[in-house]
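Protein chains: 2
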Amino acid sequence: MSLLAHWVNGASGADIPVSDRGFSFGDSLFETFRIHDGRALLWERHRARLERGLLALGIDCDRQRIADQLDQALHWLSHEGHDHSAARLTVSRGPAERGYRGGAGPATVVLQCYDASPWPPLPAPVQAILCETRLADQPLLAGLKHGNRLEQVLAGRELDAKGAQEGLLCDGQGNLVCALAANIFLIQGGRLFTPPIERCGVAGTVRGLLIDELAAAAGIGLEITRLRPADLANADELFLSNSLQGIRSVSACEGHSFTSTRWGDTLREHLYRACDSAS
Amino acid sequence: MSLLAHWVNGASGADIPVSDRGFSFGDSLFETFRIHDGRALLWERHRARLERGLLALGIDCDRQRIADQLDQALHWLSHEGHDHSAARLTVSRGPAERGYRGGAGPATVVLQCYDASPWPPLPAPVQAILCETRLADQPLLAGLKHGNRLEQVLAGRELDAKGAQEGLLCDGQGNLVCALAANIFLIQGGRLFTPPIERCGVAGTVRGLLIDELAAAAGIGLEITRLRPADLANADELFLSNSLQGIRSVSACEGHSFTSTRWGDTLREHLYRACDSAS
Chain A
1 MSLLAHWVNG ASGADIPVSD RGFSFGDSLF ETFRIHDGRA LLWERHRARL ERGLLALGID
61 CDRQRIADQL DQALHWLSHE GHDHSAARLT VSRGPAERGY RGGAGPATVV LQCYDASPWP
121 PLPAPVQAIL CETRLADQPL LAGLKHGNRL EQVLAGRELD AKGAQEGLLC DGQGNLVCAL
181 AANIFLIQGG RLFTPPIERC GVAGTVRGLL IDELAAAAGI GLEITRLRPA DLANADELFL
241 SNSLQGIRSV SACEGHSFTS TRWGDTLREH LYRACDSAS
Chain B
1 MSLLAHWVNG ASGADIPVSD RGFSFGDSLF ETFRIHDGRA LLWERHRARL ERGLLALGID
61 CDRQRIADQL DQALHWLSHE GHDHSAARLT VSRGPAERGY RGGAGPATVV LQCYDASPWP
121 PLPAPVQAIL CETRLADQPL LAGLKHGNRL EQVLAGRELD AKGAQEGLLC DGQGNLVCAL
181 AANIFLIQGG RLFTPPIERC GVAGTVRGLL IDELAAAAGI GLEITRLRPA DLANADELFL
241 SNSLQGIRSV SACEGHSFTS TRWGDTLREH LYRACDSAS
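Which chain is which? The protein sequence lines are A and B, in order. At position 220 of the first sequence the residue is numbered 220 (my numbering), and the sequence of numbers has no breaks. At position 214 of the second sequence the residue is numbered 214 (my numbering), and the sequence of numbers has no breaks.
Everything labelled a hint here was simulated from the structure, so no lab data went into it. All residues carry an ideal CB built from backbone N, CA and C; glycine is no exception. Check each hint, because a few of them may be wrong.
[What the hints assert, rightly or not] Far from chain B, by Cβ distances over 12 Å, these chain A residues were calculated:
| id | residue |
| --- | --- |
| 1 | Asp27 |
| 2 | Pro118 |
| 3 | Leu122 |
| 4 | Ala181 |
[Stated by the list, open to error] Sample of chain B residues lacking proximity to chain A, with all beta carbon distances greater than 10 Å (derived):
| id | residue |
| --- | --- |
| 5 | Thr90 |
| 6 | Pro118 |
| 7 | Trp119 |
| 8 | Ala124 |
| 9 | Asn148 |
| 10 | Asp236 |
[Claimed, not checked] Short derived list, chain A residues pointing at chain B, Cβ under 10 Å:
| id | residue |
| --- | --- |
| 11 | Arg39 |
| 12 | Pro196 |
| 13 | Arg199 |
All chains, please: the whole structure from these sequences, using the hints.
Shown next, in the form of structure tokens:
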């Protein structure tokens, strides 16, 4: 993905002050989403998660600034003829005095746009490993897409070192939580299972849509439940979900092969339809 | 503390690129230290902790750049006649492509200098509360002074909301770990106790000096052991250590009063002497 444009606080710009708490402490939130034909896909879900984060971290940011920044990018992309792109919206607490308790603000609003392909009709299944990197239990931050991502950085480095395409991550107790930048869904006996996101992990927007709407629309029961790596042995199918890549089936993980992509393919069609029809 | 000067990659500057992974993911390390009379106090300990962090996170940064950046600041401070200052050195993985696994580099080296008072001869004891904010167990990052500091941000907000001067933080199992930005030491029956920093918390440089040298020099036995909030009830004395404030006694915490500051005062004298005599 190549960068198309970026804005900082409404101005086309590439720099932020070094005193920004986003840089000092990762004191920020972000959303990554697709923009198709001038529309931010699943924006209402992204906006709602960002809102939860702003409240949880107590970041004071005029919501209109966020809406205006998104509009500015949408207009620019349409004007420049970029039909498909990916965007990262970041809201940090802003420039601050020294120290954790140093006064800060106003919030910094950043939008970065990248060139992207359309949704792939049938993406090739990926191979995954089980990462040794574990996610720490932190209920105060679980579910949020916040700017403290060193665990993902370490897991990404582990995947690179092992030459792995994708990785599944467990919490400290050995429960499956997610993939590097995606949620996980396992199919067994015609039912869909996904882990709770209560103590770590990010509550993905596509995950939310699958739980709230897509599973029912496709006629498959869904259960949010603890999953262990051992459950992979009995699974018929495994797939990953996120905002940029949609739904990707997993072909193999830790010696277990998954030949079926039936439910991943079905739910992907529902996802594309839902994204086409609603915001 | 007011800002005196800042440098980004050797140039006097206030901005970093918005694509810097320090801003995107808190993918960085930092050191906060005192500079007295042209000398960075306890620098060898700060340098060693930074080195551990660079290796743990796999951040590729020419060590000479770090040494040169520090020298540049030390010369400038001496030339401008700033005898006492505080500095934050930050090393991030640098500007990068999108995503956790996006290629990055070269590393960004930032140095920020602030005006500071000399060591206080006898700082007033502080009152502390026990924070509700807990620190997550993450052995991969424990001990390091990395750029993922949302837990400290949340704890700082908790202290502000409660009008508290200082706070003690526990891990998820309820073991005492540290204060907001300091390590903790408890004295009971003429012995010094401090918690292990193995699963969370920052391994402070003054803590390291206390363990390695100062306790023995002052003639007090020291034990690294698990501490619970209940242990405060039996403690004769409690003090906090960090690089900027040195050693501060705690006068009260959660209904327990500590009238003695004997060992805090004694060890502070040893700290000042050690800082005066060595790097």
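Okay, the hints, checked on the actual structure:
| no. | hint | verdict |
| --- | --- | --- |
| 1 | Asp27 | 5 Å, violated |
| 2 | Pro118 | 18 Å, holds |
| 3 | Leu122 | 23 Å, holds |
| 4 | Ala181 | 6 Å, violated |
| 5 | Thr90 | 7 Å, violated |
| 6 | Pro118 | 18 Å, holds |
| 7 | Trp119 | 18 Å, holds |
| 8 | Ala124 | 18 Å, holds |
| 9 | Asn148 | 4 Å, violated |
| 10 | Asp236 | 29 Å, holds |
| 11 | Arg39 | 20 Å, violated |
| 12 | Pro196 | 17 Å, violated |
| 13 | Arg199 | 9 Å, holds |
Checked against the numbered hints given earlier, the structure breaks hints 1, 4, 5, 9, 11 and 12 and satisfies all the rest.
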